[in-house]
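Taken in sequence, the protein lines are chains A and B. Position 2, counted from 1, in the first sequence is what my numbering calls 2; the numbers after and before it change by one each time, with no gaps. Position 164, counted from 1, in the second sequence is what my numbering calls 164; the numbers after and before it change by one each time, with no gaps.
Among the hints, a few may not be true.
Each pair of labels, with its calculated beta carbon distance range [unchecked claim]:
#	chain 1	residue 1	chain 2	residue 2	range
1	B	P102	A	G192	44 to 54 Å
2	B	T98	A	E65	19 to 29 Å
3	A	A25	B	D62	42 to 52 Å
4	A	D222	B	D53	35 to 45 Å
5	A	P220	B	P102	48 to 58 Å
6	A	T194	B	A58	40 to 50 Å
7	B	T98	A	E28	48 to 58 Å
8	A	D222	B	A58	36 to 46 Å
9	B	R162	A	D36	57 to 67 Å
10	A	P4	B	D79	56 to 66 Å
11	A	E28	B	E170	48 to 58 Å
Cross-link-like lysine to aspartate or glutamate pairs, in silico, DMTMM-like; alpha carbons within 25 Å at most [what the hints assert, rightly or not]:
#	chain 1	residue 1	chain 2	residue 2
12	A	K64	A	D77
13	A	K64	B	D150
14	A	K64	B	D78
15	A	K64	B	E103
16	A	K64	B	E55
17	A	K64	B	D51
18	A	K64	B	D53
19	A	K64	B	E47
Hints listed in this document are in silico derivations from the structure and should not be mistaken for laboratory results. The C-beta atom is built at its ideal place from N, Cα and C for all residues, glycine as well.
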Amino acid sequence: MDEPADTHALLAAYVLNAVDDAERAAVERHLAACEDCRDDVREARETLAQLAHGVAAPPPAELKEQLLRRVRETPQDAAPPAAAAADQPSDDEAPVDEAPDDEAPDGEVPDGAPTPTPPRVPSPRGPQEARVPWIVAVVAVVLAAGLGGLAWTEHRSALDASRRAAAASGESAALLELQGVVADPAAARVSGRTGSGGLVTAFVTTGGSAVLTSGLPGLPTDRTYQLWSVRGAQISSLGLGASGPTASGGWQRLVSGVRPGDVLAISVEPVGGSRQPTTTPILALRTPAS
Amino acid sequence: MDTIRLSATDGKESQVNGHGPDPRERGPGSTARPGTARRDTADALLERAADGDHEAFASLYDLVAPDVHGIARAVLRDDHHAQDVTQDVLLEAWRTATRYDPERGSARAWLTTMAHRRAVDHVRSLQAASNRDVAVGARSVVPDHDAVIDEVETHLQHEQVRRCLGGLTEIQRSAVMLAFYRGLTHREISDVLAVRLGTVKARLRDALIRLRDCLGAW
Numbered sequence: 001m002d003e004p005a006d007t008h009a010l011l012a013a014y015v016l017n018a019v020d021d022a023e024r025a026a027v028e029r030h031l032a033a034c035e036d037c038r039d040d041v042r043e044a045r046e047t048l049a050q051l052a053h054g055v056a057a058p059p060p061a062e063l064k065e066q067l068l069r070r071v072r073e074t075p076q077d078a079a080p081p082a083a084a085a086a087d088q089p090s091d092d093e094a095p096v097d098e099a100p101d102d103e104a105p106d107g108e109v110p111d112g113a114p115t116p117t118p119p120r121v122p123s124p125r126g127p128q129e130a131r132v133p134w135i136v137a138v139v140a141v142v143l144a145a146g147l148g149g150l151a152w153t154e155h156r157s158a159l160d161a162s163r164r165a166a167a168a169s170g171e172s173a174a175l176l177e178l179q180g181v182v183a184d185p186a187a188a189r190v191s192g193r194t195g196s197g198g199l200v201t202a203f204v205t206t207g208g209s210a211v212l213t214s215g216l217p218g219l220p221t222d223r224t225y226q227l228w229s230v231r232g233a234q235i236s237s238l239g240l241g242a243s244g245p246t247a248s249g250g251w252q253r254l255v256s257g258v259r260p261g262d263v264l265a266i267s268v269e270p271v272g273g274s275r276q277p278t279t280t281p282i283l284a285l286r287t288p289a290s
Numbered sequence: 001m002d003t004i005r006l007s008a009t010d011g012k013e014s015q016v017n018g019h020g021p022d023p024r025e026r027g028p029g030s031t032a033r034p035g036t037a038r039r040d041t042a043d044a045l046l047e048r049a050a051d052g053d054h055e056a057f058a059s060l061y062d063l064v065a066p067d068v069h070g071i072a073r074a075v076l077r078d079d080h081h082a083q084d085v086t087q088d089v090l091l092e093a094w095r096t097a098t099r100y101d102p103e104r105g106s107a108r109a110w111l112t113t114m115a116h117r118r119a120v121d122h123v124r125s126l127q128a129a130s131n132r133d134v135a136v137g138a139r140s141v142v143p144d145h146d147a148v149i150d151e152v153e154t155h156l157q158h159e160q161v162r163r164c165l166g167g168l169t170e171i172q173r174s175a176v177m178l179a180f181y182r183g184l185t186h187r188e189i190s191d192v193l194a195v196r197l198g199t200v201k202a203r204l205r206d207a208l209i210r211l212r213d214c215l216g217a218w
């Protein structure tokens with residue numbers, strides 16, 4: 001056990017993230033019982049914010065557009081009830097990635113992006129429906145340029161169906177973002193066919209990636225498609241695709257956590273998905289390195 | 001043992017660049033903070049963003065993204081990773097803005113804390129992956145700490161930050177810069193600077209106090 005004085009001496013190192021996990025936990029236990037220490041931590045973080053300002057460097061302009069596009073599709077957490085005010089990010093630990101970075105093999109670069117998330121749930125707000133047709137037109141051009149006419153026709157019918165479904169349910173926002181990714185001229189694109197003739201196309205951008213499928217086999221009602229990124233020996237779930245018999249109708253997903261050069265794979269899994277693939281992927285595509 | 005005294009550790013090392021008297025009076029309860037309006041702007045924008053105000057969030061981005069990106073880039077030394085961290089942190093800020101409480105710290109501190117933590121975690125995971133069997137002391141950055149500090153100093157944009165860092169003792173300055181701008185742990189700093197672990201902890205603490213007094217509030 002740490003002696004309290006020893007732990008207290010670590011406060012500055014803690015604020016600077018210059019401690020290991022065990023020390024961090026010890027300091028946080030100490031902080032829970034020491035109000036003055038919490039004040040010190042807050043004050044030190046203000047000082048460090050000024051040190052950060054000392055090395056301020058504007059990110060590239062395109063980052064703002066990418067971010068704001070993601071922001072438009074990202075619902076905010078509900079405000080905490082007053083009683084939960086202790087759950088403050090500034091005293092709490094800042095939200096941290098939980099991806100198993102330390103498992104990255106062979107010097108592969110682990111992903112700094114958040115834990116791979118399931119496909120985004122369309123925002124219930126969906127305020128931008130009026131812009132959909134314009135974006136679809138852009139998508140058509142990009143797809144037509146990048147894929148054979150036949151491939152475009154296949155994806156277009158699936159996209160059109162998704163668009164009608166989204167419009168009917170007032171949930172066009174996620175589809176809109178997906179189409180934005182597809183239309184991004186900087187997107188790296190890869191396309192491939194499964195053994196049964198299904199078509200899968202992936203568009204990879206730094207702000208997110210889109211996966212389009214059409215003609216995949218329908219599945220039993222208790223099975224789903226699941227998307228994976230493979231980087232070295234690290235396999236991460238990108239979320240679920242369509243499930244059951246209707247999966248053959250073509251579907252699209254917006255995913256995050258794919259880097260250029262990753263392999264993108266699709267496998268059939270029990271409904272609800274698996275932590276790691278339990279069947280051989282029906283298709284694996286290596287995305288172009290940037 | 002590394003149990004150490006927390007007080008009166010200033011002045012053991014040679015004083016480099018003695019700093020002049022700080023013109024600002026401040027104390028824990030000081031309210032006359034220079035630059036308050038600037039801090040309040042970011043805070044107010046974040047609070048408006050918590051209400052779903054996209055325009056406010058875009059303005060907040062303009063105000064804070066350079067700081068978030070700057071510290072991520074300093075620690076990660078990789079533009080691609082720094083941009084990822086910047087985007088992740090700001091998206092997280094949007095998502096969790098509803099939990100932000102200005103009583104508990106400025107928006108800038110909240111965001112740069114997040115950015116620093118993420119960048120440091122990322123660097124350590126890279127080290128864990130590539131240096132699993134290599135002693136920490138063998139890290140390539142280690143023999144080069146003077147160069148590391150020089151390089152950070154050349155990137156310091158802000159005259160006041162430069163001046164206040166210059167007002168620290170050499171060990172204070174090296175320790176705080178290696179921790180904050182390079183993400184080293186106190187053990188690594190102890191190895192790099194060849195000073196006892198307890199000394200590192202104390203110098204980090206002294207450095208933060210002196211920087212606080214020199215920099216003042218926003």
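**Report entry** Broken hints, by number
**Finding:** 3, 7, 9, 10, 11, 13 and 15
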